[in-house]
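Residues per chain are reported as follows:
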Amino acid sequence: MLRFIIRRLLITIPTILVVITLTWGLIKLAPGNFYTNERAIPRQLRQRIKEKYGYDKPWYVQYARTIWPIIRHQDFGISLKYQGQPVSTIIARSLPVSASVGLLAYLLALLVGITVGSIAALKQNSRWDYASMALAMLGISIPNFVLGPLLVLGFSLTLYWLPPARWDGFFSRNTILPVLTLSAIYMAYIARLTRAGMLEVLRSDYIRTARSKGLRERDVVIRHALRAGLMPVVSFTGPALAFLLTGTVVVEKIFALPGLGNYFIQASLNRDEPLIIGIVAFIAITLLLMNLLVDIAYAYLDPRIRY
Amino acid sequence: MFKLTFKQTTIGLLLFSLVLASISCAASALKNEEFFGKVEVPRDNVMRYISGDEPESLDPQLSSGQPEGRIFMALYEGLVEYDAKTMDPVPAIAERWDENNDSSEFVFHLRRNARWSNGDSISAKDFVYTFRRGLAPELLARSASLASYIRQAENYNQGAVFVKDPKTNQFLLEKDFGTQATTIPLSQAPLSAAAPEYKPSAAEPTPDKDTEFHQRMHSPERLALPGDEKSRKAILAKNPKLQEAVIGKEFVPVGPEDLGIEAVDDYTLRISLKQSTPFFVGVLANNFFRLVPQKIVERYGRDWTNPAHIVTNGPFKMKSWRPYNELAVERDPMYWDTANVRLDGIRFFPMSDQPTMMNLYRVGEVDAVSNHAIISAWIDEVRYRKDYMAAPEAAVIYIVMNTTKPPMNDVRVRHAFDLALDKDTAMKWRKIVKPLRGITPHGIFAGYPEPKVAEFDAAKARQLMTEAGYPVITNPDGTFSCPSFPIDQVEYTFPTAPSNKITAEFWQSQWKKHLGLTVPLRSMEFKTFVDARSKLDYKGFAFGAWGADYMDPFTFLSLFYTAEHDNNTGWWDKRYVDLLDEANRNPDRAKRFALLAQAEQLLVDAQPIISVETATVNWTKKPYVKGMYPNAGSLFPWKHIYFERDRSKWDYGTPSLAANPTDQSSDSTLGN
Numbered sequence: 001m002l003r004f005i006i007r008r009l010l011i012t013i014p015t016i017l018v019v020i021t022l023t024w025g026l027i028k029l030a031p032g033n034f035y036t037n038e039r040a041i042p043r044q045l046r047q048r049i050k051e052k053y054g055y056d057k058p059w060y061v062q063y064a065r066t067i068w069p070i071i072r073h074q075d076f077g078i079s080l081k082y083q084g085q086p087v088s089t090i091i092a093r094s095l096p097v098s099a100s101v102g103l104l105a106y107l108l109a110l111l112v113g114i115t116v117g118s119i120a121a122l123k124q125n126s127r128w129d130y131a132s133m134a135l136a137m138l139g140i141s142i143p144n145f146v147l148g149p150l151l152v153l154g155f156s157l158t159l160y161w162l163p164p165a166r167w168d169g170f171f172s173r174n175t176i177l178p179v180l181t182l183s184a185i186y187m188a189y190i191a192r193l194t195r196a197g198m199l200e201v202l203r204s205d206y207i208r209t210a211r212s213k214g215l216r217e218r219d220v221v222i223r224h225a226l227r228a229g230l231m232p233v234v235s236f237t238g239p240a241l242a243f244l245l246t247g248t249v250v251v252e253k254i255f256a257l258p259g260l261g262n263y264f265i266q267a268s269l270n271r272d273e274p275l276i277i278g279i280v281a282f283i284a285i286t287l288l289l290m291n292l293l294v295d296i297a298y299a300y301l302d303p304r305i306r307y
Numbered sequence: 308m309f310k311l312t313f314k315q316t317t318i319g320l321l322l323f324s325l326v327l328a329s330i331s332c333a334a335s336a337l338k339n340e341e342f343f344g345k346v347e348v349p350r351d352n353v354m355r356y357i358s359g360d361e362p363e364s365l366d367p368q369l370s371s372g373q374p375e376g377r378i379f380m381a382l383y384e385g386l387v388e389y390d391a392k393t394m395d396p397v398p399a400i401a402e403r404w405d406e407n408n409d410s411s412e413f414v415f416h417l418r419r420n421a422r423w424s425n426g427d428s429i430s431a432k433d434f435v436y437t438f439r440r441g442l443a444p445e446l447l448a449r450s451a452s453l454a455s456y457i458r459q460a461e462n463y464n465q466g467a468v469f470v471k472d473p474k475t476n477q478f479l480l481e482k483d484f485g486t487q488a489t490t491i492p493l494s495q496a497p498l499s500a501a502a503p504e505y506k507p508s509a510a511e512p513t514p515d516k517d518t519e520f521h522q523r524m525h526s527p528e529r530l531a532l533p534g535d536e537k538s539r540k541a542i543l544a545k546n547p548k549l550q551e552a553v554i555g556k557e558f559v560p561v562g563p564e565d566l567g568i569e570a571v572d573d574y575t576l577r578i579s580l581k582q583s584t585p586f587f588v589g590v591l592a593n594n595f596f597r598l599v600p601q602k603i604v605e606r607y608g609r610d611w612t613n614p615a616h617i618v619t620n621g622p623f624k625m626k627s628w629r630p631y632n633e634l635a636v637e638r639d640p641m642y643w644d645t646a647n648v649r650l651d652g653i654r655f656f657p658m659s660d661q662p663t664m665m666n667l668y669r670v671g672e673v674d675a676v677s678n679h680a681i682i683s684a685w686i687d688e689v690r691y692r693k694d695y696m697a698a699p700e701a702a703v704i705y706i707v708m709n710t711t712k713p714p715m716n717d718v719r720v721r722h723a724f725d726l727a728l729d730k731d732t733a734m735k736w737r738k739i740v741k742p743l744r745g746i747t748p749h750g751i752f753a754g755y756p757e758p759k760v761a762e763f764d765a766a767k768a769r770q771l772m773t774e775a776g777y778p779v780i781t782n783p784d785g786t787f788s789c790p791s792f793p794i795d796q797v798e799y800t801f802p803t804a805p806s807n808k809i810t811a812e813f814w815q816s817q818w819k820k821h822l823g824l825t826v827p828l829r830s831m832e833f834k835t836f837v838d839a840r841s842k843l844d845y846k847g848f849a850f851g852a853w854g855a856d857y858m859d860p861f862t863f864l865s866l867f868y869t870a871e872h873d874n875n876t877g878w879w880d881k882r883y884v885d886l887l888d889e890a891n892r893n894p895d896r897a898k899r900f901a902l903l904a905q906a907e908q909l910l911v912d913a914q915p916i917i918s919v920e921t922a923t924v925n926w927t928k929k930p931y932v933k934g935m936y937p938n939a940g941s942l943f944p945w946k947h948i949y950f951e952r953d954r955s956k957w958d959y960g961t962p963s964l965a966a967n968p969t970d971q972s973s974d975s976t977l978g979n
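First to last, the protein sequences are chains A and B. Residue numbers are given in the working numbering: position 208 of the first sequence equals residue 208, and the series is strictly consecutive. With the second sequence counted from 1, adding 307 to any position gets you the working numbering.
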């Protein structure tokens, strides 16, 4: 097990470097620069900016100047647009916002999704099953850029219960709508995954064995069926959580949250090279770590899997 | 077994649509309301304002955007401030100023009680430091060109060099080499030769004292050459006389002390310009000229704007900053006019999504939103309410044409495409915008004569196309076609945005209808677009827009002063430039405007652009927010703004922009 983890961690490093290199290449291919604006700037000034940031050098020198501090000091540099703010500071500041909203949304999705999915599986082809799966279908089909504004229209603009946007700390009414918007699709997915997983497990031999041993139905469901039935949910959790924690562009934009996703989209539009690379690298690391955690969790959930 | 029957499905669908209908009913109930959303005066005296995009930096000399500008007007002050209604320069740290006879030199008299937020007093030296810092080549300030009217500012900023004879310590002079043959402004004429340079005023019967520096300023301009060897050699190669003269000479970099900025004494600042600039004082209200604290900048370097270190001099000072979320400022007790600052603080919310801004406004979470917060789909919902701000903006939208490539290098073709646009219909369809004739916005500069432009005339447009060699044929069904026109050589390029796409389609349909030509549309990501347009790397037509840097027609006319920078058309005419120069030398406002208009007429006739529309401001403020006016630049002197708790004194409708001194004085007696 330990060897497996170490091996996976070691693979992470070249993967991240490849991701950074590809990102760097794409930024270089995109026309325009962080100083390109509606207003043209004088030629000499443009030249001096290029010199200052090394943009006048050949591509391999520029690449080395980007990649070396990252390898050597894990230093992603200073944002070009938000002058004077180091990339690490920006990530450290915006990550808690994205992560808390994302985590809360996912916990809510797990709670509701697993409950609804299990009930649907246990009462297959009942009213409950149809109703919850219809709702889940709706949840999957309504994109969050529709759901978010709908929730705002209902709860803020019509009922005046909740604020329509802005971040005001984790424990505030401002958090409710973005969390709901974000969790809807995951809730729906998890419900469907749980239902499918449970249905398959409930028909398997070892559940029949458990039942014939005379175990109580509750024990059969919770100790045996649910544990195995959740395997698809677990494999879904890794990438989903990585995605949620590192910020979601749409929800953060609709609700004006100061999270990573918001910075990411602005950084791309601003051609803010260090910030783009920093955020991409961060997301990649999170994604790889989450996948690793999922693989470890597999081993615990399924006695047949051993590394 | 349970199955949804047809009946149950119908009931479900009905229920769902009922929910939707009730929501939209509640939303449309708003239609009859006087204001857009909740109106409740906040209990505390802290204004909540959506300032637009996240500020790039809190250094007023480094960020040039409007969102930052709005915040800087709370935190920093310069010699002058924008008037709340007209945006003309009004006294700030400078109590008054004198202007010499040809507007090439200005003397500012500073108030003695101006202080920094840490209590230090402000003197003329602070301005000398700030101006020099802003122009320093290593600062890389993007708006440094705004200061280029100041003597040697451009040369210093671009790292140019003077040419000195090491034996005699004499510098080569510009006039001897004829690199720039223009009338010498008074600021460069010998002091004795100039008759009284300043008109005596009541406050100051005799001009300010003469200094050694001043005498040096009043001498012929030194010759400056580019600092880098390559460009210098290119210039010398073209001028043999100059090449010979520089042999054996020394190149001395233009330094900060060569700039035409002088602290005559602690409270007198003299600025020498390289040319006549009648609108110069208006330029000085820009962020770039707002004071920065020397001690703090020198101690903390780039980090001086960190909330822990920052020292400011505006009516408000920094309270807290959570980037991308909120920047809070509070009244600064050290500010010289703090007794007249009405709000206890302002919370600036940076935000870029327009519907989100308006949602916050509607539920009463903010008191006012930034300009252009209302998307076109919402305009009708908002514009008839009494909290909508309707006023012209000092900004124009036009189409640039690539005059360097056929077929658009033919002026007849350019005229034809202009004449084939029915702008009256466009105005009606765009609802809130104003017409545009030429490049200067309509209804902004009082007394400025607009150029004569040709009205929409489709028949004439077709005739011109025919004359240019592209006959327009009338089809049997009454439509037109122009088969010989190289339509693959033109397209209309615009930055990606839904609003740009709709207007592009409108113009496309007009050209199709009247010329029988379907100009292809091409949208591009913003920076990609700007990059392509500035390199004239577009075919035919591209989107153009410009906003005023200062309140003078010259800010628009100067777009075509050079062939590069923001010209974007490739069109350049020496006569145009000469007319502009002549206008700026003219001390008489009406005559100057007439000359500027003459230049604009030249531009209209050469038609490198198709004028489309003058923008209008497009935002809302709650009726209890008083002292905030929809001025042409959407920049607000925050100290005059206050919350009115008496409903009868609220603003019902757009407050008048007419300068009215009695209204101002009554404002200051009201409040709380």
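Worth flagging that the hints you see were computed from the coordinates, not collected in a lab. Some hints could be false.
One-sided and incomplete, this derived list gives chain A residues near chain B with beta-carbon spacing under 7 Å [stated by the list, open to error]:
(1) Ile49
(2) Gln62
(3) Pro163
(4) Ala240
(5) Leu241
(6) Pro258
Ideal placement from N, C-alpha and C gives every residue a C-beta, glycine not left out.
Ascending list of hint numbers which this structure does not respect:
Hints 2, 4 and 5 contradicted; others consistent.
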